[in-house]
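Chain by chain, the residues run as shown.
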Amino acid sequence: MLKTLVSLNADLASSIALRYACRMGTMVKMTLQTIHVEDPAAAGHPPGTGWVRRTWEKSLLKAGEDEIAQLIQAERPSCPPLALTKILIGDPEEEILRELERESYDLFIEGELYSFSSASFYKKMRSRLYKDAFCPVILVKNLMEMGRIAVLLADDMNPSGVVKTFLKIFNGGVFDVDLLYYRVQQSGGQTLHNQEHAESVLSSARNLLVEGGRVPREGRVIQDSPEKLSDLFKDYGLVVSSINDLADKKSHMMELLHRIPSPILFCPR
Amino acid sequence: MKILVAVDRSSYSAYAVEEAARLARNTLANVTLLGVLSPKEARKNHHDPASVAWGPSHPLAKALGQYRESFLSYFEEKDSPYLNREFDYELIEVAKGVWQELGVCRSARKSLKVRTRLGNPVKQILAEAEEDESDLIIVGCSEQKQCFWEGDANVPERLANGAACSVLVVKEERNVRKIVCCLDQDKTSQESLEMINQMVSIHHADLEVIGMSDGEGLKSEVERKMNSILKYYLDRQINPQIKVVPLSSLEEFISKEARQDLMALWMGKKSVLENVLPWTKVKRVIKASHSSVLILR
Chain A
356 MLKTLVSLNA DLASSIALRY ACRMGTMVKM TLQTIHVEDP AAAGHPPGTG WVRRTWEKSL
416 LKAGEDEIAQ LIQAERPSCP PLALTKILIG DPEEEILREL ERESYDLFIE GELYSFSSAS
476 FYKKMRSRLY KDAFCPVILV KNLMEMGRIA VLLADDMNPS GVVKTFLKIF NGGVFDVDLL
536 YYRVQQSGGQ TLHNQEHAES VLSSARNLLV EGGRVPREGR VIQDSPEKLS DLFKDYGLVV
596 SSINDLADKK SHMMELLHRI PSPILFCPR
Chain B
195 MKILVAVDRS SYSAYAVEEA ARLARNTLAN VTLLGVLSPK EARKNHHDPA SVAWGPSHPL
255 AKALGQYRES FLSYFEEKDS PYLNREFDYE LIEVAKGVWQ ELGVCRSARK SLKVRTRLGN
315 PVKQILAEAE EDESDLIIVG CSEQKQCFWE GDANVPERLA NGAACSVLVV KEERNVRKIV
375 CCLDQDKTSQ ESLEMINQMV SIHHADLEVI GMSDGEGLKS EVERKMNSIL KYYLDRQINP
435 QIKVVPLSSL EEFISKEARQ DLMALWMGKK SVLENVLPWT KVKRVIKASH SSVLILR
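Residue numbers (this note's numbering), protein chains in the order written: chain A, 356 to 624; chain B, 195 to 491.
Treat the hints as calculated values from the structure; they're not laboratory data.
Mixed in with the good hints, there may be bad ones.
As the list claims (entries may be wrong) - Restricting the straight-line Cα-Cα distance to at most 20 angstroms, the calculated cross-link-like pairs of lysine to aspartate or glutamate (EDC-like) are:
#1 B:372 with A:582
#2 B:419 with A:422
#3 B:475 with B:337
#4 B:481 with B:366
#5 B:419 with A:366
#6 B:450 with A:586
#7 B:425 with A:422
#8 B:419 with A:430
#9 B:413 with A:467
#10 A:583 with B:400
#11 A:519 with A:461
#12 B:413 with A:366
#13 B:372 with A:590
#14 B:413 with B:468
#15 B:413 with A:422
#16 A:589 with B:400
#17 B:425 with A:500
#18 A:589 with B:455
#19 B:425 with A:366
#20 B:196 with B:212
#21 B:425 with A:579
#22 B:372 with A:500
#23 B:450 with A:579
#24 A:441 with A:421
#25 A:486 with A:456
#26 A:486 with A:610
Claimed, not checked - Chain B side only, calculated, beta carbon under 8 angstroms to chain A, not exhaustive:
#27 417
#28 420
#29 421
#30 433
#31 436
#32 437
#33 438
#34 443
Where a beta carbon is used, it is the ideal one built from N, C-alpha and C, also for glycine.
So that you can see chain B by itself, here it is in the shape it has in the complex:
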C-alpha cells in the first residue's frame, strides 16, 4: 500500500500524520510526506525581514522534519520498517559449504519519503499521487472553519474530488466511535473493504454498512453482495451492523450521521452514489462533518 500524506504547517496536519502512522503500522505501507510551497513562499520577501528563502531553515522544511520524527515515533526503533539498519557482519554462505563474515547493510523494508513540491497545492498533490501511484491520500483540515486548509481553503475537497485514488480527510483529533460505510454493493472493491477493515481496527470502532434500497427493499443482487460483505467482516472478527437506507433518504441520512461518525463513501467509477450524491453534496458532507470523511475509490 502507498500512502501520500499532504501536509502544511497547521496543527491539523499533525493529526493527518498521526492517522497515517496508525494506518501504516497496520499495513506496512510505503509513505510519502508531502509539503507544497507556493513560488511566492519559496522566495525571500525583502519587505518582510522575518521571511526565509526555501531551504532547511524554511518553516515548512522544519515542519516536515517534525512530522517525519512524529511519524517514526509510532514505531519501536528495533522493529521499524522505515529505518535503515547499520552495517553489521553476518555469516553468509558464499559457496557450498563455505561461509564468510561479510559486512552487510540491510536497507529499510518500507520507504518513508519526505518531499516538497513547488506550485499550486492541489495540482502538486494530485501529480505526486499519480506519479507515485498512491492508493490513499491523507489530508488534514480544521474542524472549526468548515474544513479549512491554510492558504487555500478548498484544498481537501478538491483533492477528494480530483484524486483517482481514495482520500481520507482527517478532522482535528476526535475519537472515531463508529464508521458508517455507504458502499455501492455491486462494485465496491476488495481494497476498499480492506481499507475499512484497517480503519475499524486502528480506531477500535463499530462498523455500520449501509445497503441502499430503491424504496421496495434491497435488490436480490445487492442482498447477495451485502451478505458476502457481512461474511468478509465476520471472518475478520468484526461484527458489522447492516442498515437499509432508501436512496431517497440517503442525503438526509448522510448529513445526520456524518456529524458524529466517520463517513466512508464509495465514489468509484459508475458508483450509484455518484448519481444520488452529486459532488456539491459530497463537498457539503466534507465541510459539515465533525468527524473524518473517507472517499473510497
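If we strip away everything but chain A, and leave its shape as in the complex, we get:
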C-alpha cells in the first residue's frame, strides 16, 4: 500500500491535484493523507508575542482548516472518504519535508498550474522540497487520464533509479508504458552522447521494466526543441523523470519538463 501525502491549499491547483490523486487511487493501492500548511509569513507579520501571537496563529489555523474543508467537500464526488487533513503552521516546505520524513511517506503529490511563463516552475525545481525530498514527488499540472505513462530518460540521468521508482509506485495497475530517451542538444546542435549510447540506455531500461513485469509499448529516442516536443506528451497521464543535475534553468531538459502539460513524477536524486 503506497503511503501518499497530498498538499492542499485553497486554490485551483490543489483541486486538480486532489482529483488526480483520487483517480490514481482507483488504479494503484494507496492511502491518501492530505496536509495544509498555513504560512504565517504570507499572512503578514504576527501581531505581538505571547497569547496575542498564539491567538493570531489559532485563527490562521482555523481559517486554513475551513478553506481546506470546503475544498475537500467540493471534491467529495470524485474522491473516496479521506482522513482528516493535517493542518500545520510554519514554512510550507520545511513542514512538508519534516512530515514526509516523520511519517515515511512513499509519495508526495502537489499541484501547480501549467503556465506559459517558466518562472514559477523553475522556482519550484530549485526549492528544497524538490532537492531534498525523501520520496518521489508528483507535480500535477493538469487533470489527465491515467491510461498512458511515459518514462522520460535523458543524458546524465540515473535510468535504473527512475525505472525502479516507477516500478515501486506502479506495481500493478493497468497502464501502457512508453520509454523515451531525450537526447539533449547543447548550444550549436551538439549532443552529449551519441545515438548508440541512447539506444543502450533504452535497452537496459527496457530490461529492467520487463524484469519488473512491465513490457513497455515502445522505446525511442526523441531529439528536437522542447517547444516542438511538448506536444508529444499531451496524451500521457503521467511523465516519470528526474531532475538529476539538471537544475540549470537554461538546460533544454528543464525547459522540456516545464513545457510538458501532464503531471510529472520526479524520482529522488
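Fit chain B to the supplied structure of chain A, relying on the hints for placement.
Quick look at chain B alone, frame taken from chain A:
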C-alpha cells in the same frame, strides 16, 4: 440556436457551410445561408456578354443552391430536421373516443433559409444577423491570402469586429486538433462555454482553457470561476487542460498558438481581453492564423 452562414462563390465558403452543417447537426440550429450581391453585380453588364443579370441563373444564386444541397447532404433524409414532410394520413383522435384518418403535413422542425441581399457585404450580413437575432455568424476566408474575401478583402475581420453575436472565421479545410480558449473567467457566458463544447465535440479536439494572471498568479475569484469551468467540461466528458498566461505575455502567446490551433477569444462587453488585446491585434490574429478563429460574445 440560430446560425447565419455568410457565403460568396469562393471555395472557402464551402468550408464555412461544412462547418455550419457539423455544428447544426449537433445543435439542431436554425440556419440561414446568406449571399450578398453588390448592386453592380446584380445588373447585366452590357460590355461583358458573359455577365448575367440577377436571377436563378446568376452564379451566386447557383452557388447558394449548391451550398444548400451540400448542407442538407450532412443529414440523413429520414432524420433531417430541415426537410418538409410529405402529406400522409394519420389517425387523429378528433373527439373523445373518436378517431379519424386525416391528411397531415408535418413541416420541418428547423428552418434552413437561403437568402440573398443587395448592397455592401458587411452591412448586409450584420443587418441580417441583427434582424434574425443570430447567435453565431460563420464566414469563410482564404488561408493563403491572409484571410481574404472575394471582392472585399476585409469582410471577415469587419464582421468579427462589428457583430453583436459570436463570429467563427473558418479558414480553408484544416484538421482542428486543439481549441485554445482565452475566456474572461469573470464574465464568460454559458452560451460561450456550450459553443466551445460543441466545437470540441464536432472536431474531436483537445481543449485548453487559458487563465489570465496579472503576474502574481490567478486571482482567487478567477480561480473559482476556472474551477467551475473545469467542472462544467469534466461533467461533459471533456478533459480540458488549464494553462496560466500572464496578461503581459498574452499577445505573444496568442500569436504563437493561433498559428496552429483554433483560437477562441471571449470579446464580450467589458471583457478583460478588450483591454489587453485591442482590435488591431485581434485583426492580426484573424489574418495570421492558419486555423479558424472564434470570437465569442
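We went through each hint and held it up to the structure:
no.	hint	verdict
1	B:372 with A:582	holds, 16 angstroms
2	B:419 with A:422	holds, 16 angstroms
3	B:475 with B:337	holds, 18 angstroms
4	B:481 with B:366	holds, 13 angstroms
5	B:419 with A:366	holds, 11 angstroms
6	B:450 with A:586	holds, 14 angstroms
7	B:425 with A:422	holds, 19 angstroms
8	B:419 with A:430	holds, 15 angstroms
9	B:413 with A:467	holds, 15 angstroms
10	A:583 with B:400	holds, 17 angstroms
11	A:519 with A:461	holds, 13 angstroms
12	B:413 with A:366	holds, 10 angstroms
13	B:372 with A:590	holds, 12 angstroms
14	B:413 with B:468	holds, 19 angstroms
15	B:413 with A:422	holds, 16 angstroms
16	A:589 with B:400	holds, 9 angstroms
17	B:425 with A:500	holds, 15 angstroms
18	A:589 with B:455	holds, 14 angstroms
19	B:425 with A:366	holds, 14 angstroms
20	B:196 with B:212	holds, 16 angstroms
21	B:425 with A:579	violated, 35 angstroms
22	B:372 with A:500	holds, 17 angstroms
23	B:450 with A:579	holds, 18 angstroms
24	A:441 with A:421	holds, 12 angstroms
25	A:486 with A:456	holds, 14 angstroms
26	A:486 with A:610	holds, 17 angstroms
27	417	holds, 4 angstroms
28	420	holds, 5 angstroms
29	421	holds, 5 angstroms
30	433	holds, 6 angstroms
31	436	holds, 6 angstroms
32	437	holds, 5 angstroms
33	438	holds, 4 angstroms
34	443	holds, 6 angstroms
Of the hints listed earlier, the one the structure fails to meet is number 21.
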